[in-house]
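There are 2 protein chains.
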Amino acid sequence: MSFSTALTDAAARVQARLDAALADREDLPVVHAMRYAVQGGKRLRGFLVLESARLHGIAPEAAVSAAASIEALHAYSLVHDDMPCMDDDDLRRGLPTVHRKWDECTAVLAGDALQTLAFELLADPALGSAEVRIELVASLAKASGAEGMVLGQALDIAAETAAVPLTLDQITHLQAGKTGALIRWSAEAGAILGQADRVPLRRYATALGLAFQIADDILDVEGDAEKAGKRLQKDAEAGKATFVSLLGLDGAKARARALVEEAEAALAPYGPEAGTLIEAARFVISRES
Amino acid sequence: MSFSTALTDAAARVQARLDAALADREDLPVVHAMRYAVQGGKRLRGFLVLESARLHGIAPEAAVSAAASIEALHAYSLVHDDMPCMDDDDLRRGLPTVHRKWDECTAVLAGDALQTLAFELLADPALGSAEVRIELVASLAKASGAEGMVLGQALDIAAETAAVPLTLDQITHLQAGKTGALIRWSAEAGAILGQADRVPLRRYATALGLAFQIADDILDVEGDAEKAGKRLQKDAEAGKATFVSLLGLDGAKARARALVEEAEAALAPYGPEAGTLIEAARFVISRES
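Which chain is which? The protein sequence lines are A and B, in order.
Going by numbering that gives the first Met the number 0, the residue at position 259 of the first sequence is 258; the numbering climbs one at a time, nothing skipped.
Going by numbering that gives the first Met the number 0, the residue at position 268 of the second sequence is 267; the numbering climbs one at a time, nothing skipped.
The hints are simulated quantities; they were obtained by calculation from the structure and are not laboratory data.
Hints are supplied without guarantee of correctness; some may be wrong.
For identical chains, the list gives no copy identity; a pair is met inside one copy or between any two copies.
Once the Cα atoms are required to be at most 30 angstroms apart in a straight line, the calculated DSS-like pairs of lysine-lysine come out as [said to hold, decoys possible]:
#1 100 with 233
#2 41 with 141
#3 141 with 239
#4 100 with 226
#5 100 with 239
#6 226 with 252
Start from the sequences and build out the full structure, keeping to the hints where you can.
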């Protein structure tokens, strides 16, 4: 299966699982907003879960709740991140953000309930033994809380009011939390499900996550807002240090390419079966949204 | 042990567990706000976990992570509930609310990370087998998400703009989610930890939760804001239907007393060992904060 077919297939499976999880709920704005917030997106994280599971002989049906979980968690972080007190964004994936379409109160509650849903999905018996499921819970909590994603968001906010711009090391640390932690969890999930060594996938995902963020910074400078479906040139306007401001546009592109090679090398133990994950790394630095 | 000693003991154990969980974190406002938000409070939910565990022969050391978990979850809900777009409160437990002491952005992130912490704590191996821990995760997700606590909060918000005040049935449904769901989970946690029948504790906690909310409505009318540590008379000002507005003050008090008797009867299978839980139910309708 090619990368683009695998990504489309993963997106459909994830959406169906999220739709099922959000069916038969009360007719309330918070429920409508949850369904709205889990629509669309590339589903890269869900794809990483399903592909890393496949590398360990796990069928998509036995991994899809973990894929849906990370996409619910990612959706919660976007809903809260877009709020006026955070990034104050009006558009997401080309559509009004939740607090614009409804209100801030609904955005807070929908985000909160999407985080809960992420953990609820990991309790699905289809994912395997209780040992496997509780390990998924423990590692997702670590990746998403104040030692992972929220740490990165908090460092990002602190950077906005800092007297001096961040250094390359500081930005790398920030991004390892903000975007890296969920990407690492997604790729490691397959090894957790397969009760296998997590090191190769962790190395792959660490390089991939950083390449993803560098590509985001490049997109913020060079991208087309319409294709991206969100406001661009935000970082330059805010005077924030980015990989582009620190490395230059060519330097950032070279670094992203080197990281993709690192990601590729990390997957050597899996042989040709890892082809789609390697294609995913190449996609990440060439995407337009 | 008397109820008040057991409550004090539970509060100390819960605080120590939360302090340990939040030690050695980066020096950031979000981390300070998390520590601040888990200070104080009656710790009734944590007490219910430890006492229901004791009824099943589970030592406090083997239940305290579940007690700390529900208090972290409760704290997250208060931090978000107090925000300007929700209840817009300046005081909580007699101190400035998180968004007043820091800012809204810190309140969003600290609440988010406290929810994550609640699930992280349930992965603690000290709580027992993986089966027990994943069942705690699944049931807490059900109790706190858009089918439990968040559902109650959303119904509460919808009621504020509804053309007609809520009926007694509607308020009972709302409160079963908003305050009842976490109280039920707390009392049932001991039965989950002990892999025992949950029905008696569920019946106890359902009556207790409703009595708790009726007492809250009475306190809102009759209470002393200084002792309560928060703004009172909010419901009357907002023209909201409450148990007091629907049943009258005497009717509400009679209903609360009847519920305490129901709670007491539900614990009959446990005999005299359940004395502190019965005292807790009596305390709930006599408290001043």
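Fill in: Up to 30 angstroms CA-CA - residue 239 versus residue 100, copy category
Both ways: residue 100 and residue 239 sit 29 angstroms apart in one copy and 26 angstroms across, limit 30 angstroms.
Worksheet item: Is the C-alpha distance from residue 100 to residue 226 at most 30 angstroms within one copy, between copies, in both cases, or in neither?
Response: within (21 angstroms within a copy, 40 angstroms between copies)
Discussion item. With identical chains, the pair residue 100 and residue 233 could be close in the same copy or across copies; at 30 angstroms between alpha carbons, which is it: within, between, both, or neither?
Written reply: both (22 angstroms within a copy, 28 angstroms between copies)
Worksheet item: Given a CA cutoff of 30 angstroms, do residue 226 and residue 252 count as a within-copy pair, a between-copy pair, both, or neither?
Response: Intra 20 angstroms, inter 61 angstroms, cutoff 30 angstroms: intra-copy only.
Worksheet item: Between copies, within a copy, both or neither: which fits residue 41 and residue 141 at Cα up to 30 angstroms?
Response: Cα proximity of residue 41 and residue 141: in one copy and across copies (24 angstroms, 28 angstroms).
Worksheet item: For residue 141 vs residue 239, is the C-alpha pair at or below 30 angstroms within one copy, between two copies, both, or neither?
Response: within (27 angstroms within a copy, 40 angstroms between copies)
Comparing the model with each numbered hint stated earlier shows that all of them hold.
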